[in-house]
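Residue numbers (the working numbering), protein chains in the order written: chain A, 79 to 295; chain B, 79 to 295.
Think of the hints as simulated: they come from the structure by calculation, not from any bench.
It is possible that some hints are incorrect.
No distinction is drawn between identical chains; accordingly, a pair holds when it is met within one copy or between any pair of copies.
As the list claims (entries may be wrong) - The list that follows gives simulated cross-link-like pairs (lysine to any residue, SDA-like), each with its CA atoms no further than 20 Å apart:
{"no.": "1", "residue 1": "K256", "residue 2": "S283"}
{"no.": "2", "residue 1": "K256", "residue 2": "D203"}
{"no.": "3", "residue 1": "K256", "residue 2": "L285"}
{"no.": "4", "residue 1": "K104", "residue 2": "L163"}
{"no.": "5", "residue 1": "K256", "residue 2": "G227"}
Values in this document were obtained by computation on a predicted structure and should not be read as measured data.
There are 2 protein chains.
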Amino acid sequence: MIERDTAAWKMAELSSRSGVPVATIKFYQRENLLPPGERTGPNQALYGDAHLDRIRLIRALIEVGGLSVAAARQVVEAIDSERPLQETFEIAQHSVSEPIDPETVTTDALTHVDTLMTGWHVSADNPGRLAAARVFDTFTGIGQVDAAGWFRRYAAAALLAAEADIDELDARVERAAKAEIVVVGTVLGDTLFSGLRRAAQEHVSSLRYAAPPESEL
Amino acid sequence: MIERDTAAWKMAELSSRSGVPVATIKFYQRENLLPPGERTGPNQALYGDAHLDRIRLIRALIEVGGLSVAAARQVVEAIDSERPLQETFEIAQHSVSEPIDPETVTTDALTHVDTLMTGWHVSADNPGRLAAARVFDTFTGIGQVDAAGWFRRYAAAALLAAEADIDELDARVERAAKAEIVVVGTVLGDTLFSGLRRAAQEHVSSLRYAAPPESEL
Numbered sequence: 079m080i081e082r083d084t085a086a087w088k089m090a091e092l093s094s095r096s097g098v099p100v101a102t103i104k105f106y107q108r109e110n111l112l113p114p115g116e117r118t119g120p121n122q123a124l125y126g127d128a129h130l131d132r133i134r135l136i137r138a139l140i141e142v143g144g145l146s147v148a149a150a151r152q153v154v155e156a157i158d159s160e161r162p163l164q165e166t167f168e169i170a171q172h173s174v175s176e177p178i179d180p181e182t183v184t185t186d187a188l189t190h191v192d193t194l195m196t197g198w199h200v201s202a203d204n205p206g207r208l209a210a211a212r213v214f215d216t217f218t219g220i221g222q223v224d225a226a227g228w229f230r231r232y233a234a235a236a237l238l239a240a241e242a243d244i245d246e247l248d249a250r251v252e253r254a255a256k257a258e259i260v261v262v263g264t265v266l267g268d269t270l271f272s273g274l275r276r277a278a279q280e281h282v283s284s285l286r287y288a289a290p291p292e293s294e295l
Numbered sequence: 079m080i081e082r083d084t085a086a087w088k089m090a091e092l093s094s095r096s097g098v099p100v101a102t103i104k105f106y107q108r109e110n111l112l113p114p115g116e117r118t119g120p121n122q123a124l125y126g127d128a129h130l131d132r133i134r135l136i137r138a139l140i141e142v143g144g145l146s147v148a149a150a151r152q153v154v155e156a157i158d159s160e161r162p163l164q165e166t167f168e169i170a171q172h173s174v175s176e177p178i179d180p181e182t183v184t185t186d187a188l189t190h191v192d193t194l195m196t197g198w199h200v201s202a203d204n205p206g207r208l209a210a211a212r213v214f215d216t217f218t219g220i221g222q223v224d225a226a227g228w229f230r231r232y233a234a235a236a237l238l239a240a241e242a243d244i245d246e247l248d249a250r251v252e253r254a255a256k257a258e259i260v261v262v263g264t265v266l267g268d269t270l271f272s273g274l275r276r277a278a279q280e281h282v283s284s285l286r287y288a289a290p291p292e293s294e295l
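Isolated chain A, as found in the complex (with noise of 0.2 Å):
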């Protein structure tokens, strides 16, 4: 939430504290991600750490989390809204999820998805379930066949870090932080994760088939 009583900096100061140009704040404002400074003259207002704070927020939605100013006007709009958290992790959810149509993922799939998800409480349509069936159906369309569990331990994998997410939610008080850190999470969380995994692939390949060193030889 914007806080309107602490703007201090002309326009010129919250481009140079937030490394950010003019240009690209004023494009802000006109898109609707960040509102308009508190207004001190016909050609003039003033911002402050709220500015700066959104702005932050905005350059990791965008340039960080890949998301299109569109889906990131949707997000910073579930912050602002008193909505209930469920519906703003709904709406994060949707953001910087590709849309699937249902029809374009097999039975076969969804079945196989759903195994995985057994005790889960997961609405028909989460973007992630059809997300993970098309991965199903992608996989064995190409003739691969999942011999090590993999779709199984992947959804250990997803459950883990989901707890740590709603564990970060639990950790605000104030509902327009557990509201920023649901789609922050959202957001950087897939980002995170595929590094950690990138980094642990290395690891766990490097054990298994790096050559021993000379002195073990």
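Could you slot chain B onto chain A? The hints should help.
This is chain B only, laid out in the frame that chain A set:
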């Protein structure tokens, strides 16, 4: 690896069997994603199961994995090469990772990420290490604190997934099959995990926050 001795179909049949338009197949050939068929005349060539499998793999990489044509060509070449699997892994990792200039992440972030990966064998230029450090910079830059050990818990989940990845690799016998699952797992794994995480988020948050059913009121 494309086997030439099973070629039996004309281009039109390859198109109808794969569901991919002839123009797209010819585009794949021009882009060196798909090798030529077995030439049987000045204007005719024959194709077989290996071509069909390769077309499905290319589509999986580009359409589900979101790879560019250039990135897909790199990983397809890595599958067909006789490179050591470790190198194939590195190529797959770099192909699906946004390049990050090490100069753009802070020492603080790298130190934090390296602490998460204490005991892991990870090279300094692993693309995932840099990506995770960038998420750390972004997270702290928007004023977030890691209240519930989010990064550490994601590292634990990533290690589980990486072990599942390498077990899938171990479950294959031939070099070409191992190389293909390296690529497929690297590319599809991100999509699979993010899908399952969204479903798990709904499950965990509904357990904690959903209104109790009326019968329990």
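Results for each hint:
Within a single copy, K256 and S283 get their C-alpha atoms only as close as 38 Å, which misses the 20 Å cut-off; across copies the closest is 12 Å, which meets it. For the homomeric pair K256 and D203, neither the shortest alpha-carbon distance inside one copy (24 Å) nor that between copies (34 Å) is at most 20 Å. In this assembly of identical chains, K256 and L285 lie within 20 Å of each other by CA distance solely across copies; the values are 17 Å between and 40 Å within a copy. Taking the closest pair of Cα atoms, K104 and L163 never come within 20 Å of each other, the shortest separation being 30 Å inside a single copy and 49 Å across copies.
When the C-alpha separation of K256 and G227 is checked against a cutoff of 20 Å, the pair qualifies only between copies, where the shortest distance is 16 Å, while the shortest distance within a copy is 35 Å.
Going down the numbered hints, you'll see the structure goes against 2, 4, while the others check out.
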